[in-house]
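Engineer: Sequence:
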Amino acid sequence: MTKPANVFLVGAGPGDPDLLTLKAVKAIARADVILVDDLVNPAILAHARSDARIVQVGKRGGCQSTPQEFIERLMIAEANAGHCVVRLKGGDPFMFGRGGEERDHLLAAGIAVDVINGISSGLAAPAAIGVPLTHREWSQGA
85 MTKPANVFLV GAGPGDPDLL TLKAVKAIAR ADVILVDDLV NPAILAHARS DARIVQVGKR
145 GGCQSTPQEF IERLMIAEAN AGHCVVRLKG GDPFMFGRGG EERDHLLAAG IAVDVINGIS
205 SGLAAPAAIG VPLTHREWSQ GA
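With the first letter of the sequence shown counted as 1, position 24 gets the number 108 in our numbering; the numbers rise by one all the way through.
Simulated from the structure, these hints should not be mistaken for laboratory data. Accuracy of the hints is not assured; some may be wrong.
Stated by the list, open to error - Just the calculated beta-carbon pair ranges, DEER-fashion:
no., residue 1, residue 2, range
1, R137, V215, 15 to 21 Å
2, E153, P216, 39 to 45 Å
3, N164, G142, 21 to 27 Å
4, D102, H167, 24 to 30 Å
5, R137, E221, 49 to 55 Å
6, R144, H219, 20 to 26 Å
The beta-carbon is built from N, C-alpha and C at its ideal position, and this holds for glycine as well.
Go ahead and model the full structure; you've got the sequences and the hints to work with.
Structural biologist: What follows is the structure in structure tokens.
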């Protein structure tokens with residue numbers, strides 16, 4: 085039997101809290117510790133428990149960033165202490181980020197991890213302005 089995940093790599097989507105998946109909301113509400121990227125809308129943390137520990141682990145070009153090694157060590161330490169950990173990332177954890185590397189480090193440490201996809205801005209932006217990504221009359225094979 086597989087051990088249930090106690091670390092969740094959660095995509096926060098493009099910023100609008102209404103675009104979070106239900107699975108993401110449930111993981112955030114369950115978390116003891118939430119490691120939050122700079123690109124995550126702070127309003128999303130309204131779904132967190134009042135006693136959850138929120139750790140800002142921002143990465144932004146041209147600014148001081150939290151070292152990736154520190155983030156990975158912290159997730160492993162918190163999970164090994166029995167805490168439910170959410171790594172809250174802007175967009176989707178596996179797109180334009182280090183979600184894949186974080187997953188690999190967690191698995192190598194014997195930590196169960198669950199990836200919860202977020203809506204990518206590449207999908208959300210066109211939908212917000214009414215542009216379908218596929219349309220029978222616009223997208224035809226050559």
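Engineer: Tell me if the beta carbons of R137 and E221 are separated by a distance inside 49 to 55 Å.
Structural biologist: holds, 51 Å
Engineer: Between the beta carbons of R137 and V215, is the distance compatible with 15 to 21 Å?
Structural biologist: Distance hint for R137, V215 is violated at roughly 40 Å.
Engineer: Between E153 and P216, does the C-beta distance stay in 39 to 45 Å?
Structural biologist: This hint holds: roughly 42 Å between Cβ atoms.
Engineer: For D102 and H167, compare the CB-CB distance with the range 24 to 30 Å and indicate the outcome.
Structural biologist: holds, 28 Å
Engineer: Do the Cβ positions of R144 and H219 conform to the proposed distance bound of 20 to 26 Å?
Structural biologist: About 36 Å separates the Cβ atoms of R144 and H219, which means 20 to 26 Å is violated.
Engineer: Regarding N164 and G142, is the given constraint of 21 to 27 Å on their beta-carbon distance met?
Structural biologist: holds, 24 Å
Violated hints for the displayed structure, listed by number in ascending order: 1, 6.
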